[in-house]
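Make the full structure from the sequences, and use the hints.
Chains A and B are the protein sequences, given in the same order. My numbering applies: residue 1 is where the first sequence begins, and numbers increase by one. My numbering applies: residue 1 is where the second sequence begins, and numbers increase by one.
Calculated from the structure, these hints are not laboratory results. Quantities reported herein were computed from a predicted structural model and do not represent experimental measurements. Don't take each hint at face value.
Stated by the list, open to error - Straight-line alpha carbon distances no greater than 27 Å define the calculated BS3-like cross-link-like pairs of lysine-lysine that follow:
(1) A:K6 / B:K24
(2) B:K6 / B:K23
(3) B:K159 / A:K24
(4) B:K6 / A:K36
(5) A:K24 / B:K6
(6) B:K54 / A:K6
(7) A:K23 / B:K36
(8) A:K160 / A:K135
(9) A:K36 / A:K24
(10) B:K24 / A:K24
(11) B:K6 / B:K36
(12) A:K54 / B:K23
(13) B:K23 / A:K23
(14) A:K36 / B:K54
There are 2 protein chains.
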Amino acid sequence: MNFSSKYLERAVEEISNLPGIGKKTALRLALHLLRKERGEVASLSESLLALKEKVNECSQCGNLSDHSICEICANPARNEELICVVEDVRDVMAIENTGQYRGLYHVLGGVISPMEGIGPAELNIASLVSRVDQKPPHEIIFGLGTTMEGETTTFYLYKKLAGFDIRLSAIARGIAVGDQLEYADEVTLARSITNRVPYESSLSHDQNSKA
Amino acid sequence: MNFSSKYLERAVEEISNLPGIGKKTALRLALHLLRKERGEVASLSESLLALKEKVNECSQCGNLSDHSICEICANPARNEELICVVEDVRDVMAIENTGQYRGLYHVLGGVISPMEGIGPAELNIASLVSRVDQKPPHEIIFGLGTTMEGETTTFYLYKKLAGFDIRLSAIARGIAVGDQLEYADEVTLARSITNRVPYESSLSHDQNSKA
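So this is what it looks like as structure tokens:
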């Protein structure tokens, strides 16, 4: 591209470094910002810097927080006997949005993926083991995705934690609520039959059934 | 969404104000920035602010520039007798990329669109008329898009400029280079026949045929 302004060129370059944003989209965004008030652009600019400077990982669970211990870990009303292991902070947000879980979390920061060069050492696995060692909970729920990498990571964690006297469980796989059986894939359908549950516990959750 | 950090929430809010970026994409971008070095985030943040503070419109043609007069207007090698009117700085960039145009530009900053509340007063039309009045060029090329709004704007400009002793032309519409006739729409095909050109001038451009 043939830029008439080096500041525009630099901004387009920086914006297009973001994942999934090409040069044309970056140019469109830069021209949009140029039409905005200075205050609005300054607000965006500051929020990005504050994000990097003020947000850190909770020293206990790895969730993102503005403090050294996140709000969930610091909340005395949460059930310390229950830890749900998830891949990402987005999973914490998704589970929190359900309003059905009152335990704590452990955020791995990814899943084991030899293809991308991510081994157990790159993830918050050692911190999970030492956390469990210091104060064993009653139960650990594996809440990782059903991808090849997710399943591998769950199995790795299972092996690491099997020596502790802790109940180890995995979130249920099955037909999504609202889905038709005929459109479900075979593996999911098979699992939903193998892991069938008593009818009473399949009824919709109320406040009393919170984990 | 249920954010565990107010700085993360604010950054996602700010990023999702950008056009075409929803909350989920904004969160993905914010988490990407969190994984980057502080210097990289600072560089992006500064480039956005510099964009707003250092880039302005050329006082003659409306193109974006780091100076009060843009590089194209300031270049004595450009043909001052030729002004191409375009909608947007992206059109300037596209024409400059062809390397086939040596005249000047006038950037309207949009097209007349009553639906979006954009009338002639919102565009750089008065500045075009006074520019032409002060120093009439030999020719003005209308280089606006073929949308309803583009055609309306071109007609409006034509009415405004018809009183001057200036040649008024429009960029050629026709079958794109590399396209098959059978796939062209009827209007384009009809125009390409009506506005046919002598065979010699349809041959591929060389350096001598530059405008």
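Structure-based check of all given hints:
{"no.": "1", "hint": "A:K6 / B:K24", "result": "31 Å, violated"}
{"no.": "2", "hint": "B:K6 / B:K23", "result": "15 Å, holds"}
{"no.": "3", "hint": "B:K159 / A:K24", "result": "34 Å, violated"}
{"no.": "4", "hint": "B:K6 / A:K36", "result": "24 Å, holds"}
{"no.": "5", "hint": "A:K24 / B:K6", "result": "31 Å, violated"}
{"no.": "6", "hint": "B:K54 / A:K6", "result": "10 Å, holds"}
{"no.": "7", "hint": "A:K23 / B:K36", "result": "20 Å, holds"}
{"no.": "8", "hint": "A:K160 / A:K135", "result": "16 Å, holds"}
{"no.": "9", "hint": "A:K36 / A:K24", "result": "19 Å, holds"}
{"no.": "10", "hint": "B:K24 / A:K24", "result": "21 Å, holds"}
{"no.": "11", "hint": "B:K6 / B:K36", "result": "19 Å, holds"}
{"no.": "12", "hint": "A:K54 / B:K23", "result": "21 Å, holds"}
{"no.": "13", "hint": "B:K23 / A:K23", "result": "21 Å, holds"}
{"no.": "14", "hint": "A:K36 / B:K54", "result": "14 Å, holds"}
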